[in-house]
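Trainee: One letter stands for each residue in the lines below.
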Amino acid sequence: MPTITYRQALNETLREELRRDERVVLMGEEIGLFEGSYKVTAGLLQEFGPNRIIDTPIAEEGFVGMAAGAAMIGLRPVVEIMTINFSLLAIDQMVNHAAKIHYMFGGQARVPMVLRTPGGGGQQLAATHSQNFEAWYAYVPGLKVLAPSTPYDARGMLRSAIRDDDPVVFLENLALYNTKGDVPENGDYTVPIGVAEVKKTGSDITIIAYSRMTVLALDVARRLEDEGISAEVVDLRSLRPLDKPTIIESVRKTNRAVIAEEDWRSYGIGAEIAATIQEEAFDYLDAPVLRVAGVEVPLPYSKVLERAALPSAQHLIDSIHKTLHGTRR
Amino acid sequence: MAEVTMPRLSDTMEEGKIGRWLKQPGDYVEKGEIIVEIETDKATMELESYESGTLQKIVVQPGQTVPIGEIIAFIGKGAADESAAAPAPASPEPAPAATEAQPSTPTNGNAVDEHIKASPVARRLAEEYRIDLSQVQGTGPGGRIIKENVEAFFHNIGGTPSVSTPPASTPAAPTTSPAAAASTPAAPSTPVAAPAAQAAAPAPPAPAVTPGSLVPMSRMRRAIARAMTEAKAGIPHVYVTSEIDMSAALQLRQQINEQNAASVRISVNDLVVKAAAKALLAFPALNNRYGTDSDGQPGIVQQTQININVAVALDEGLVAPVVVDADKKSLGTIASEIRDMAGRAREGKIKQSDLEGGTLTVSNLGMFDVAAFSAVITPPQAAVLAVGSVRSVPVVRNNEIVIGQVMQVTLSSDHRVTDGAVSAQYLQEFKRLLQSPMSLLV
Numbered sequence: 049m050p051t052i053t054y055r056q057a058l059n060e061t062l063r064e065e066l067r068r069d070e071r072v073v074l075m076g077e078e079i080g081l082f083e084g085s086y087k088v089t090a091g092l093l094q095e096f097g098p099n100r101i102i103d104t105p106i107a108e109e110g111f112v113g114m115a116a117g118a119a120m121i122g123l124r125p126v127v128e129i130m131t132i133n134f135s136l137l138a139i140d141q142m143v144n145h146a147a148k149i150h151y152m153f154g155g156q157a158r159v160p161m162v163l164r165t166p167g168g169g170g171q172q173l174a175a176t177h178s179q180n181f182e183a184w185y186a187y188v189p190g191l192k193v194l195a196p197s198t199p200y201d202a203r204g205m206l207r208s209a210i211r212d213d214d215p216v217v218f219l220e221n222l223a224l225y226n227t228k229g230d231v232p233e234n235g236d237y238t239v240p241i242g243v244a245e246v247k248k249t250g251s252d253i254t255i256i257a258y259s260r261m262t263v264l265a266l267d268v269a270r271r272l273e274d275e276g277i278s279a280e281v282v283d284l285r286s287l288r289p290l291d292k293p294t295i296i297e298s299v300r301k302t303n304r305a306v307i308a309e310e311d312w313r314s315y316g317i318g319a320e321i322a323a324t325i326q327e328e329a330f331d332y333l334d335a336p337v338l339r340v341a342g343v344e345v346p347l348p349y350s351k352v353l354e355r356a357a358l359p360s361a362q363h364l365i366d367s368i369h370k371t372l373h374g375t376r377r
Numbered sequence: 524m525a526e527v528t529m530p531r532l533s534d535t536m537e538e539g540k541i542g543r544w545l546k547q548p549g550d551y552v553e554k555g556e557i558i559v560e561i562e563t564d565k566a567t568m569e570l571e572s573y574e575s576g577t578l579q580k581i582v583v584q585p586g587q588t589v590p591i592g593e594i595i596a597f598i599g600k601g602a603a604d605e606s607a608a609a610p611a612p613a614s615p616e617p618a619p620a621a622t623e624a625q626p627s628t629p630t631n632g633n634a635v636d637e638h639i640k641a642s643p644v645a646r647r648l649a650e651e652y653r654i655d656l657s658q659v660q661g662t663g664p665g666g667r668i669i670k671e672n673v674e675a676f677f678h679n680i681g682g683t684p685s686v687s688t689p690p691a692s693t694p695a696a697p698t699t700s701p702a703a704a705a706s707t708p709a710a711p712s713t714p715v716a717a718p719a720a721q722a723a724a725p726a727p728p729a730p731a732v733t734p735g736s737l738v739p740m741s742r743m744r745r746a747i748a749r750a751m752t753e754a755k756a757g758i759p760h761v762y763v764t765s766e767i768d769m770s771a772a773l774q775l776r777q778q779i780n781e782q783n784a785a786s787v788r789i790s791v792n793d794l795v796v797k798a799a800a801k802a803l804l805a806f807p808a809l810n811n812r813y814g815t816d817s818d819g820q821p822g823i824v825q826q827t828q829i830n831i832n833v834a835v836a837l838d839e840g841l842v843a844p845v846v847v848d849a850d851k852k853s854l855g856t857i858a859s860e861i862r863d864m865a866g867r868a869r870e871g872k873i874k875q876s877d878l879e880g881g882t883l884t885v886s887n888l889g890m891f892d893v894a895a896f897s898a899v900i901t902p903p904q905a906a907v908l909a910v911g912s913v914r915s916v917p918v919v920r921n922n923e924i925v926i927g928q929v930m931q932v933t934l935s936s937d938h939r940v941t942d943g944a945v946s947a948q949y950l951q952e953f954k955r956l957l958q959s960p961m962s963l964l965v
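The listed protein sequences correspond, in order, to chains X and D.
Residues 49 to 377 (our numbering) are what the first sequence spells out, left to right.
Residues 524 to 965 (our numbering) are what the second sequence spells out, left to right.
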């Protein structure tokens with residue numbers, strides 16, 4: 049299996065889907081001539097032309113609304129928003145229109161669109177360009193929200209997203225674009241929406257993560273093996289719908305859980321998972337469920353401060369040790 | 524009301540032990556005044572108050588250890604908590620925000636001592652095994668009882684909860700599965716006595732064995748499997764075998780028993796236990812154990828008390844009750860203690876305290892006519908003595924072949940803690956004691 053980057057996986061998947069289905073169109077700022085701020089759409093304008101690779105004005109609300117409308121009448125638009133920070137300008141279109149139309153009009157129309165957008169900090173892009181708003185979208189019934197962590201999942205899930213008949217928010221992460229992984233050549237596989245994956249099995253503690261935090265969790269889990277701590281890593285992959293059975297099954301086995309999220313802690317994905325665990329696996333818990341998350345500040349520009357504010361491997365290790373306190377391991 | 528929490532007093536500190544409270548509830552505390560002494564991994568340090576006010580309540584008592592961030596006391600305005608312990612949570616200020624760090628710390632009144640901190644899974648298992656949680660020692664944060672504490676307790680009491688087990692005649696006997704399954708196999712099944720319990724029992728007495736089927740292990744079996752795997756994988760064993768002429772020891776034993784010199788009959792094993800303990804006085808290295816400090820640096824934990832575990836085989840596994848101070852006790856005392864504990868172990872009535880604190884284990888398979896065997900060390904101990912049968916074999920004495928009473932023993936020891944030469948010398952001493960057995964009496 050060839051090893052490719054997350055960015056390549058997205059680029060190839062978009063190309064294949066554009067070839068496979070002529071209803072697929074791409075829209076976004078600078079995705080055509082400039083090939084996207086992060087080059088995910090490299091080469092696509094050349095191959096598919098300006099009718100299908102559409103450079104839009106800097107007007108997020110306008111073109112996201114246009115994508116929703118185009119989806120209603122039969123296209124399958126894939127919108128790129130340069131970073132998730134700018135998606136707030138279009139959130140009304142996603143929350144009040146794309147997510148609701150199928151429900152509010154008796155099922156007469158569906159909105160098969162994808163909103164692709166990267167989030168994440170750590171690039172010294174300062175407070176307004178380093179955020180993760182996944183909880184804002186995952187909160188909304190009517191949307192599907194995906195956050196794959198590997199090139200393999202990115203490819204399989206972007207396919208699923210484009211082929212799905214509902215609006216999907218597809219979350220990428222700036223720090224993942226250059227990560228590499230094995231992806232089958234020409235394999236027309238899909239990764240189903242709403243199915244988490246145990247990326248590493250273990251018996252002492254469950255680490256629940258998604259997107260970039262899965263990469264961190266796997267790294268930590270491997271390091272902990274040296275200490276004799278056997279950590280299981282559950283990669284959520286899909287934030288809505290949430291695969292509760294996989295989470296619960298793992299926690300029932302290990303009796304302990306730590307959740308890693310890059311986003312702020314309060315009212316976040318971790319809070320949702322922790323609540324779910326205590327609702328559905330209370331009698332299996334041997335320690336409080338802990339969350340590892342970003343410090344609740346606008347992310348600083350200073351490299352040192354930015355690093356201090358983002359969740360790190362050490363934070364995760366400390367939380368795991370705290371959770372395992374008192375065991376003989 | 525302000526929370527006083529366990530501070531981080533050193534880089535490596537993870538938890539701290541309360542040494543002494545210099546202020547008592549009701550005392551007025553000035554900001555900057557020393558209120559408590561805290562023992563860390565490195566030293567005893569003083570904690571100054573960050574607040575001025577009345578020490579309302581001491582949450583963590585001297586001698587208790589809690590992790591960093593745990594509430595140890597409350598300081599506030601007004602009188603101490605004692606009077607206000609009752610319903611009125613009072614205080615016009617916002618409630619002492621139960622922070623995320625200590626979800627289960629009781630913050631009201633004097634319920635602290637009565638509330639047993641236990642994790643949900645520990646509570647569920649305790650209920651399932653019918654274990655009284657007040658008897659279980661918690662090792663989690665702030666002494667919280669966690670799953671493995673309950674499992675260890677259950678294992679140590681022989682997998683058959685002796686506490687609060689309802690009498691067998693109770694018709695509404697709980698039918699919780701593991702307890703029912705583990706209930707003493709010695710008891711003849713009387714189908715008429717408790718039909719309800721029988722009917723509900725998950726494992727019917729079906730004797731049919733399906734070849735290749737996987738029968739789940741009992742809790743005790745599982746605990747043994749875990750401990751032995753840990754021992755074999757983690758402890759580099761070194762084995763030294765010695766042959767002991769037991770003629771003199773057998774004679775002494777016969778004399779003691781014929782003259783009813785002790786209140787109970789003395790067995791060969793009692794002599795072995797006594798000799799094993801006494802020999803440790805000369806070779807204390809084998810009484811110590813491997814350990815690591817809070818930084819994970821290896822060391823040898825010094826143990827001065829000599830406590831010998833005696834392995835007792837049960838139908839469902841084995842337990843090893845402890846003869847405390849075996850080097851100091853008389854043969855008669857050792858014999859009666861072992862008899863008592865072994866009997867209770869077989870009846871499933873052994874107490875946790877009977878099983879704790881051993882420093883060396885004696886495992887005797889002599890009654891099964893074995894020449895010799897090697898035993899697996901019980902973590903965290905450093906050695907186990909495996910004892911074979913006393914056999915009549917030809918031996919050379921004064922250049923003549925005569926019939927001797929020979930017993931083989933094999934000492935397995937932790938090579939991290941000590942070496943084969945020490946084990947060999949220990950066995951020499953052990954042999955000397957048994958071959959001149961009068962020395963066991965003085």
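Derived by calculation from the structure, the hints in this document are not laboratory data.
There may be inaccurate statements among the hints.
[Said to hold, decoys possible] To give a feel for the contact side, a few chain X residues facing chain D, derived at Cβ under 7 Å:
id, residue
1, Gln-172
2, Asn-303
3, Glu-327
4, Glu-328
5, Phe-330
6, Tyr-332
7, Leu-333
8, Gly-374
9, Thr-375
Glycine is no exception: its CB is placed at the ideal position from the N, C-alpha and C atoms.
Trainee: Now tell me if each hint is right for this structure.
Mentor: For each hint, the structure was consulted:
no.	hint	result
1	Gln-172	violated (29 Å)
2	Asn-303	holds (5 Å)
3	Glu-327	violated (12 Å)
4	Glu-328	violated (12 Å)
5	Phe-330	holds (5 Å)
6	Tyr-332	holds (5 Å)
7	Leu-333	holds (5 Å)
8	Gly-374	holds (4 Å)
9	Thr-375	holds (6 Å)
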